[in-house]
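*Asks:* Chains as they are written, first to last, in our numbering: chain A, 121 to 301; chain B, 121 to 301.
A couple of the hints might just be wrong.
No copy labels: a pair is met if it fits in one copy or bridges any two.
To be verified - Straight line, CA to CA, 27 Å or less: simulated DSS-like cross-link-like pairs of lysine-lysine:
id: 1; residue 1: K293; residue 2: K267
id: 2; residue 1: K225; residue 2: K267
id: 3; residue 1: K293; residue 2: K274
id: 4; residue 1: K274; residue 2: K150
id: 5; residue 1: K293; residue 2: K225
id: 6; residue 1: K267; residue 2: K123
id: 7; residue 1: K225; residue 2: K274
id: 8; residue 1: K124; residue 2: K267
id: 9; residue 1: K124; residue 2: K225
id: 10; residue 1: K124; residue 2: K274
Quick caveat, the hints were computed from the structure, so don't treat them as lab data. Since we're looking at a predicted model, the values are computed, not measured.
There are 2 protein chains.
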Amino acid sequence: MQKKPWPLHDVRHWLEPGPVVLISSHWQGKSNIMTLGWYTILEFSPSLVGLMISSGNISFDMIRQSGECVINLPDVSLADTVARIGNCDGDQYDKFAEFGLTAEKSEHVTAPAIAECHANFECRVYDDAVVDRYNFFVMEVIAARVKPQPEWPKTLHYTGNGVFRTDGERIDKRQLFTKVS
Amino acid sequence: MQKKPWPLHDVRHWLEPGPVVLISSHWQGKSNIMTLGWYTILEFSPSLVGLMISSGNISFDMIRQSGECVINLPDVSLADTVARIGNCDGDQYDKFAEFGLTAEKSEHVTAPAIAECHANFECRVYDDAVVDRYNFFVMEVIAARVKPQPEWPKTLHYTGNGVFRTDGERIDKRQLFTKVS
């Protein structure tokens with residue numbers, strides 16, 4: 121299904137609920153994918169996301185050197201793939217080939233997007249001042265694309281020890297919201 | 121129900137899935153509560169959590185001055201309360217009284233825990249080096265208590281615009297996990 125642009129200031133709609141994401145990166149002719157559950161929205165506009173990427177991971181160097189990555193949002197149909205990607209090393213495999221994922225050309229970064237994911241957020245390093253201390257990259261989302269359907273996909277939330285939870289029902293409390301957020 | 125201690129290195133079990141939390145703080149005789157969806161686990165041990173707390177919020181000053189807070193994990197039964205707390209200001213209300221919440225004495229910090237929440241994580245500021253730049257507090261969890269039942273409570277994940285999602289079913293992929301995490 122053709123993805124559509126999503127407003128950059130509203131990336132939080134997809135990432136604030138805390139789903140596991142797949143981070144794709146590219147450097148010197150090689151692409152890699154890693155799983156990530158340690159990240160947070162930092163700002164609406166500019167659209168900032170903070171990623172805690174362990175320096176032991178090959179993606180750490182690739183993102184640091186290239187200054188770019190794509191945050192890809194898998195849904196529950198990719199649960200096995202997510203688990204497997206989190207359990208193999210990028211220097212041993214081409215993960216796109218290994219897991220039958222399609223590397224889609226990005227608009228603004230060299231890192232490929234993962235076509236099979238529900239949404240793709242192209243990112244550029246905004247500030248690397250805290251990378252040495254906490255492996256924490258402040259990234260700016262510079263392009264966002266989302267599948268129009270389903271409107272509320274079931275994503276994966278990692279709890280450790282190999283167990284995920286998926287999203288359940290929606291709870292609409294709009295009538296209690298007086299502030300805009 | 122009596123809460124039990126939870127291992128500090130495994131706070132991620134509760135917070136990595138990304139649920140909305142209630143942050144309680146205390147300074148100069150006043151307590152406050154705010155909702156927070158912008159945070160991330162940063163390290164297993166020491167048990168570090170990064171909190172993005174907007175400087176416009178009264179809790180920002182209370183946490184900065186006291187160097188402490190409690191991260192409280194509400195379940196879906198508190199959805200109305202969570203929505204209401206997110207929509208009123210701490211300088212106008214005593215939120216514990218206003219919302220009928222019980223302020224429970226903490227072990228190591230002056231900030232009270234919220235008795236009605238499923239879990240309470242007492243925190244002390246570990247590093248405030250990035251507070252000026254990103255309102256991002258690196259906190260160390262120094263005590264953790266969790267209700268023994270239910271084992272898998274339904275929590276709330278905020279998507280913006282007054283709409284939450286709750287947790288759905290569990291997906292056990294332990295057989296695919298070869299690494300310990």
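*Asks:* It remains to establish, for every hint, whether it holds in the given structure.
*Replies:* Against the structure, the hints:
{"no.": "1", "hint": "K293 to K267", "result": "both (25 Å within a copy, 26 Å between copies)"}
{"no.": "2", "hint": "K225 to K267", "result": "within (16 Å within a copy, 47 Å between copies)"}
{"no.": "3", "hint": "K293 to K274", "result": "both (20 Å within a copy, 16 Å between copies)"}
{"no.": "4", "hint": "K274 to K150", "result": "neither (31 Å within a copy, 41 Å between copies)"}
{"no.": "5", "hint": "K293 to K225", "result": "neither (39 Å within a copy, 30 Å between copies)"}
{"no.": "6", "hint": "K267 to K123", "result": "within (4 Å within a copy, 42 Å between copies)"}
{"no.": "7", "hint": "K225 to K274", "result": "within (25 Å within a copy, 38 Å between copies)"}
{"no.": "8", "hint": "K124 to K267", "result": "within (6 Å within a copy, 43 Å between copies)"}
{"no.": "9", "hint": "K124 to K225", "result": "within (15 Å within a copy, 50 Å between copies)"}
{"no.": "10", "hint": "K124 to K274", "result": "within (19 Å within a copy, 31 Å between copies)"}
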